[in-house]
Amino acid sequence: MTLDNSTVGSDVQARLQASLPDVAQTWSTFQGQERVVVPASQILQFLKVCRDVAGFDQLTDLTCVDLLEMQGAVDRFELVYCLLSVDAGTRLIVKTYLNEPNLTVPTATQVWFGADWLEREVYDMFGIVFEGHPNFKRLLLPDEFVSFPLRKDYPQQGRGERHNFPIITRSKS
Amino acid sequence: MPLELLDSPGLLENQKEGLWTLNFGPQHPATHTTLRLVLQLDGETVIDAEPDIGFLHSGFEKLGESLDFNQYVTIVDRMNYISPLANEIAWHHSVEALMGIELTPRCKYIRTIFAELMRIHDHLLCTGTCVLDLGGATAFMYAFNEREYIYEICERASGQRFHTSYTRVGGLLYDVTDDWIAMVRKFCRNFPKAYADFAGLVMKNRIFIERTRGVGVLTKEDAIAGGATGPVARASGVTRDLRIDEPYLAYNDFDFDICCAKAGDCYSRFQVRMMEMEQSLKIIEQAIENLPSGPIYNEAHGKTGIPDKTEVYRSIEGLIHHFENIMPNRQMNVPVESFYAATESPNGELGYYIVSDGNFRAYRARTRPPSLLHFALFPKMIRNCMLSDVVAVLGSINIIAAELDR
Chain A
1 MTLDNSTVGS
11 DVQARLQASL
21 PDVAQTWSTF
31 QGQERVVVPA
41 SQILQFLKVC
51 RDVAGFDQLT
61 DLTCVDLLEM
71 QGAVDRFELV
81 YCLLSVDAGT
91 RLIVKTYLNE
101 PNLTVPTATQ
111 VWFGADWLER
121 EVYDMFGIVF
131 EGHPNFKRLL
141 LPDEFVSFPL
151 RKDYPQQGRG
161 ERHNFPIITR
171 SKS
Chain B
1 MPLELLDSPG
11 LLENQKEGLW
21 TLNFGPQHPA
31 THTTLRLVLQ
41 LDGETVIDAE
51 PDIGFLHSGF
61 EKLGESLDFN
71 QYVTIVDRMN
81 YISPLANEIA
91 WHHSVEALMG
101 IELTPRCKYI
111 RTIFAELMRI
121 HDHLLCTGTC
131 VLDLGGATAF
141 MYAFNEREYI
151 YEICERASGQ
161 RFHTSYTRVG
171 GLLYDVTDDW
181 IAMVRKFCRN
191 FPKAYADFAG
201 LVMKNRIFIE
211 RTRGVGVLTK
221 EDAIAGGATG
231 PVARASGVTR
241 DLRIDEPYLA
251 YNDFDFDICC
261 AKAGDCYSRF
271 QVRMMEMEQS
281 LKIIEQAIEN
291 LPSGPIYNEA
301 HGKTGIPDKT
311 EVYRSIEGLI
321 HHFENIMPNR
331 QMNVPVESFY
341 AATESPNGEL
351 GYYIVSDGNF
361 RAYRARTRPP
371 SLLHFALFPK
381 MIRNCMLSDV
391 VAVLGSINII
401 AAELDR
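Chains as they are written, first to last, in the working numbering: chain A, 1 to 173; chain B, 1 to 406.
The hints are simulated quantities; they were obtained by calculation from the structure and are not laboratory data. All residues carry an ideal CB built from backbone N, CA and C; glycine is no exception. Honestly, I wouldn't trust all of these hints.
[Said to hold, decoys possible] Quick partial rundown of chain A residues pointing at chain B, CB under 8 Å, derived from the structure: (1) GLN13; (2) PRO21; (3) VAL23; (4) TRP27; (5) THR29; (6) GLN33; (7) CYS82; (8) LEU140; (9) SER147; (10) LEU150.
[To be verified] Residues from chain A shown here face chain B by an in silico Cβ test under 8 Å; the list is partial: (11) GLY89; (12) LEU139; (13) LEU141.
Construct the complete structure from the given sequences, taking the supplied hints into account.
This is how it looks when you write it as C-alpha cells:
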C-alpha cells in the first residue's frame, strides 16, 4: 500500500490548525509520533474535524492517565485518544487535561461508534464522565463498585471490596 | 451488572410483546471462557444482544504500574493465552520503541519466527473450535495436534510450554539452539500436510459453509468506525496489516501477502484465518533459512540486556552487570515520555500505550486489546441472525475473555 503523502507528517498539523484557528493546539513529536493537546471544552469539535478534514476514520484507543504522582504535572487526568487514518496509515494522539471537580467531557460515540466501550472502560477505571453516551455504566466492574481502581490513590490491594460482595445463593437468585 | 435480565433499551413497549429473553453464559462451552450475553429473541431470531463482561477482570493494568519492564512480561502473556508469545513481543516492542532500542538481526528474526508461530497457533485454535462449536469434532483434533507441536517448540526455546515469558527488553531470555532450528524446520515440513487435512475437512464442507456463509455480517464502514482490526477487519475488506503498513521486527525482509475477503461474514473470517496460516508458514520458512548469527542483545545499547546465567555465577563482572539490571534503584534510563506502539497480533492490533516518569517501571501501561473492540461489535453482527448463529459468530471473532477483561 502506498501512503498518501498529503496526509503524512506535519501536513496534518497544518491542516488542523488552518481549519480550527480558534482552538489552542500544542503540538509535539516523540520518536516520530505526533501528539496534540487541546482544551477539554473543545475536544469534541476537534475530534470531529480530525475525522472529517484530516481523515482519521478510526479511534484505535481511548485511555486515561492519572497524573497524581507524576513529578511536575499540574493537571490530574490526561485523556488520550489514539486516532488512525486507515487508508493513509497515519496516527495522531490527541490529549486533553481534566481536573476535579469537573471530570466531564462530551462523548465521542457520535464521531466513532467504537468509542462506546472504550469510554465506559475509562469511566469504570478513572471516573471520567462522558456526557451524552447512549448506554453509560460500568463495563468491567460490578455496578455496586464505588471506587475507580486505576486512579493512583487507589491501593493495589484494593479496599476489601471482594470480601463485601453480596453472597447470592441459588434459592435467592 | 445486576444478575436479573436486562431489558433492551432500544425497544418500545408494544414491540416487546412476544419477545423473550435468554441468558447465555457466563459458563457455556461456546463462550470458551467466561462472558455473558443477554439475548432478546423473537422466536429463534435474535433481535438484540447485550454483552456483559468483566468476569475475568484481574487488574493487569494496575499490576503493570508496580512491576518493571521485564517483570510485567509474565503478566502480559496471560492476557491472550492462546498466543502468549505474541503478547510478549507486543509489550517489549512498545517498551523498546519508547526507549529507542534497536534489536540485533538475530533477535529480530527469532521474534518474527515466534510471532508467526503464534499466529498459526492462535488461528488453529480459533478455526478448530469454531468448527467444533458447529458440530465438527474431527477437524478440531487435527488442529490441536499441530498446536501441541508448537508448544514443544516454545518449550525448547524458553523452558515453558505455555506462559513462556521469553522476551526481555532489547533481547530474549535465551538464544535458540540448533535443536530448536531443527524442530522449526520439521514443523515447516509437516505442517502443510496437516493443514491440507484440516482444510479438506472444513473448507468445502457443506454443513459448515451453510452455517457460516452470510451469517454475522460486518460491513467495511462498521469495521473501520468500530475499531475492528486484524482478521476481523480484513474479512470485511479493510486492507490493513501492520506487518506491511508499519513494518516492525524483520517483516521488511520477507515476501508475503495480506489476506483479505470482502463479504465480512463468518465464513470469510474463517477463510482469512486459513489463508493467513499459509502466509505465516511462508514467513517462517524464509526466516529460519536466513537466520542471522550474532548476539541477541545489541552491544550498542550498553548493558540493557540481562547477562547469561553462567556469566553471573562465574564472574564478578557478570554479577555486577546482573545487579545493575535487576536492582530497582539502578536499571536502565527511560525517557520521561509517553508512546503508543502496536503490533499485528493474531487477533488484531495489539498496542501498548506506555507512560513513563523516568522510573524503572511504567507509570501507566495501557493495553489496547483487539478482543474488546471486536466484542463491542458483536450486537451489530448478530442482529437478525438465528439463535444457533450466536456460537458461529462468537467463534469467528475469537474472543479471549482474559484479554477482554484484563
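Numbered hints the structure breaks, given as an ascending list:
1, 2, 3, 4, 5, 9
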